[in-house]
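So the protein sequences, as listed, match chains V, Y and L. Following my numbering, the numbering of the first sequence begins with 1 at its first residue and continues without gaps. Following my numbering, the numbering of the second sequence begins with 79 at its first residue and continues without gaps. Following my numbering, the numbering of the third sequence begins with 200 at its first residue and continues without gaps.
Worth flagging that the hints you see were computed from the coordinates, not collected in a lab. Note that this is a predicted model, so its numbers are computed, not measured. Check before you lean on any hint, since a few could be wrong.
Which chain L residues face chain V? A few, computed with CB under 8 Å, are given here [stated by the list, open to error]:
1. Thr456
2. Ile487
3. Leu492
As a list, the in silico SDA-like pairs of lysine to any residue whose alpha-carbon atoms are at most 20 Å apart [to be verified]:
4. Lys911/L x Ile94/Y
5. Lys171/Y x Arg1043/L
6. Lys32/V x Ser889/L
7. Lys137/Y x Arg1043/L
8. Lys193/Y x Ser889/L
9. Lys136/Y x Ser448/L
10. Lys193/Y x Glu904/L
11. Lys32/V x Ala429/L
We treat Cβ as the ideally placed atom computed from N, Cα and C, and that holds for glycine.
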Amino acid sequence: MQRAMLTVQRLATVFLLGVILFNYPVLALFDKAATVLGLPLIFAYLFAAWAVVILLLVWIVERGEHTERSERRERGGA
Amino acid sequence: MSKKILIADDEQNIVISVEFLMRREGYEVSVAGDGEAALERIRADKPDLVLLDVMMPKKNGFDVCQEVRADPAFAAMRILMLTARGRDTEVAKGLALGADGYMTKPFSTKELVDKVRELLA
Amino acid sequence: MLQGSVVVVASALYLALLFAVAYWGDKRADAGRSVIANPTIYALSMAVYCTTWTYYGSVGRASAMGVGFLPIYLGPTLVMALGGFLLLKMIRTAKANRITSIADFIASRYGKSQLLGGLVTIIAVIGIVPYISLQLKAVASSYDLIVGYPVLKAVTGGGEPVLADTTFWIALILAAFTILFGTRHLDATERHEGMVAAVALESVVKLAAFGAVGLFVTYSLYDGIGDLFARALADPGLQKLMTVSADGSYSTWFSLTFLAGLAILFLPRQFQVTVVENVSEAHLKRAIWLFPLYLFLINLFVLPIALGGLLRFAGEGINADTFVLTLPMSAGHELLALFVFVGGLSAATGMVIVETIALSTMVCNDLVMPLLLRTRALALHAERDLSWLLLAIRRGAILVILLLGYLYFRLAGDAYALVGIGLISFSAVAQFAPAMIGGMYWRGGTRDGALAGLLAGFLVWTYTLLLPSFSKSGWLPANFVSDGPFGIELLKPHQLFGLSGLDDISHCLFWSFAANIGAYVVVSLLRAPTAAEASQATQFVDALKTSRPVGSALWRGSADAGELVALVGRFLGPARAETAFAAYARRHQLVDIGRAEADADLVHYAESLLAGAIGSASARAMVASVAKEEPLSLAEVMNILDEASQLRTYSRELERKSKELEAATAELKAANDRLLELDRLKDDFMASVSHELRTPLTSIRAFSEILRDDPKTALQDRERFLGIIVSETERLTRLVNQILDMAKIESGNAEWLVEDVDLRAVVEQSVAATSQLFRDRDVALTLDLADALPVLRADRDRMMQVVINLLSNAVKFAPPVAGRVDVRLWHGDGQLHVSVTDNGPGIRAEDQKVIFERFRQGGDAMTSKPTGTGLGLPISRKIVEYFGGRLWVESTPGQGASFIFSLPLPTTGRETGE
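Chain V on its own, in the form it takes in the complex (with noise of 0.2 Å):
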């Protein structure tokens, strides 16, 4: 029920970052006609942060996942 708390409000906290990413004025930063590695900056940086965002649930998920499944296994132990 912790561990379960605990993954909610980080899934919370992702998606307040992905809201202050994606959105004016950050967003604002990175709206310039520049080039990074040959791609637009813009769309390179909305991948990356899409990727970013992505990449926090996967490891806020499965790792809680992880750790549950972990913990669950060793009370069963015991």
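Starting from the known structure of chain V, arrange chains Y and L on it as the hints suggest.
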């Protein structure tokens, strides 16, 4: 024929005073120092009245009273209980067990004499 | 090679494959071995979100707006992060209430209102039909394109007669397909497992096809992503696609993100796959990241394809919405083109199947059935088995919805690009948000509030988005948009009340939400929720706290079980009803369910069975028709819910509290027992004191009266009586002194003079003080006192009091003949010990403790009453204990008694000046 009275009390000085009072009134007096002795004397002397102290060694006054009342042979015997524990519950208990009267120590000698006279009338 | 026949055969084969998968999935589900009980399949089925609008339309939008297509996918990504509680709550609530659609959800939340369910259904159908028409249009135009190969003809659409129109036939085929898929089972909460399996497969196909085009364009037509962007950046016309602000503003960007985030929750097909078709809450976990990942992947090549198309077809007038297909065609890749077409078909069929099934369920349960049950109630009651009717309504609804989609396609024509239509639908379903989210988190929302909010939002949506779209299609005069109705500027649909500077979607979103939320909140607050609303509100709001639905606790009345079984049978079919009730009977160990008077539990079970088939609002109405329900008042409902929720929510706390209380009670009881015991002791003490005081008083009074009343008493008697009076008075004085002494020691008020004490001297002085007693009684006394003892820290007089008390006791109990008392004093174990031993009758073991209690002389055991107050030993013990010592008796009856006390010597530390 004078009436017989048994004084059952473990306090020597009280026995002396009550014995003196009763003799002066012309009764025939016998004495017992504890509950068992009192029952013995009751059976032997068949007194007309027992002045029965509650707090006595070996057998207390209530038990003596109860045993006497259980025996029909002593149906006519009068029992006047004396106690230094003046609580209402004890008075009620004594009367319930078949005592005819109850006096709390310290008592007035006049009242005691009157009460004895009344019970033996 | 790509003749119509090839394309048709390929499509037919593909649809057959889908159907086979669905059939297999259903068979496996019937056998209890679900293929979709898998978090990956669950996440893939959610990708039904990506329709032809994504598949073809994103590229079109990217061609016009650059990265402006992304908010449609960023919004859902963010909302999935909230899925951990938002979606979880929806899923749990839906399962607990056997909810079959979003209309059912809203209707159920606001007191199972048929009116509300109907309104939601109407909004959903009106809002979604253009979206379905968009799929038809995409499939049709892609078909027309591909059969035109190698010519890349621009699709115009809508000119030919209906029967010659590809789109019409596509609509019919999809309707047939959907009917086969979705309405083989009746009970809508019995999930469409086969359909979900097929949809998941379609998600894989469309991603693969789109990825293939992306790779082809990027690496075959161009030299990789860097090359593509370099060329695009060289083109001044394309540079503007590389920024957000160039075309759409940030406010548009935000609006679209917000809108898409709501759409992923409230689109009927998303609600269907995410909530209704959910097999296990645990699957949600993987979907939280896998679904966003899918969106990420399918969008990766959107901009490259758009740029590739724009570069390649510059000036050729090819619709950017078709780049996905026309690019491989123009390069002569027939197979890839065919694959792309199949991918598009996947995107379209997946959406159409799930959406029409969801809508047909809503239309049937929340629109048609309530009307039928109302208008033809009697006729329906007469009918034995109505399950065919439900199926027929749903199948009819599927067909009608698809034909409506076709109609819209014919009428609206090409006025809008794909993306435009999709956003209109998104804005429509977004109107559900206040009622849905408010309903899940706010108890105060009422049916009237939800109705008002939905209606207000829907009207604003109609006015600011739908009517202008009609105007563009030519159904309304064009100046309706440009000048406002009747030329009233303030009412211009895209600049309502003069609000300008927003794009039409943001503009609609602002006004519709202002109206929707405002009406919802204000109207809700006009009155308190009714009993039915309050009970549902609590179940929805507390969904995550609830361990068990409270439904049956909220029903009171009587019903005939046989009638209930028959009622359920009428809608589910008698066979399925029998099975369901048999299962119930087994669970509750009932012999014959048909005979029993139905209890609230059974009524609730029947209602939930019905709810799965005809929706919660209709189910309630039907159950009410056979059961005599006694309405509960709001207060009663609140009581039941309070009890239930308090019990649940605070049960752990209660347990803890009750344990604490138990402990406290035990403590209190112990304390009370102690107090009672103390009280009893005090009572006994008082009685004893009374007795001890009255006894000497009795003698004193009696003799005094004798002497007063009879002055002629013999001189001898007179002297004797006076002697008794004096000695009884002394006894009385002694008693009073000891009682006071005892009281002082016990209350801690005694004065102790602590000094160095030579115990040997104390014993000797005490012996001297009591020597007269020994002489009087002719008792022999022997002393055995050690020499050179260390000094004690104690009160000399008190110690003397103890020794004298022991000596006088001993002399009292020593036999009159050959009485003997031995006194010893010795040193050992850091203590000084004194023993006083007599050769009297001794003390029985059971009395050895009692004699140290107040007024408890070992009296009853002895023939003669012992003299003394009964306080000497208790006081002596108190004194010894005060100085840290111990006083006890050792005795064998018949062989005398030995009273011993030990006192600790001062520690050496004190002497060394610590």
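Hints, verified against the model:
1. Thr456: holds (6 Å)
2. Ile487: Nearest chain V Cβ about 5 Å off; hint holds.
3. Leu492: holds (5 Å)
4. Lys911/L x Ile94/Y: Holds, because 18 Å separates the two Cα atoms, which is no more than 20 Å.
5. Lys171/Y x Arg1043/L: violated (30 Å)
6. Lys32/V x Ser889/L: violated (106 Å)
7. Lys137/Y x Arg1043/L: holds (18 Å)
8. Lys193/Y x Ser889/L: violated (24 Å)
9. Lys136/Y x Ser448/L: violated (111 Å)
10. Lys193/Y x Glu904/L: holds (16 Å)
11. Lys32/V x Ala429/L: With a Cα-Cα distance of about 16 Å, the restraint between lysine 32/V and alanine 429/L holds, given a limit of 20 Å.
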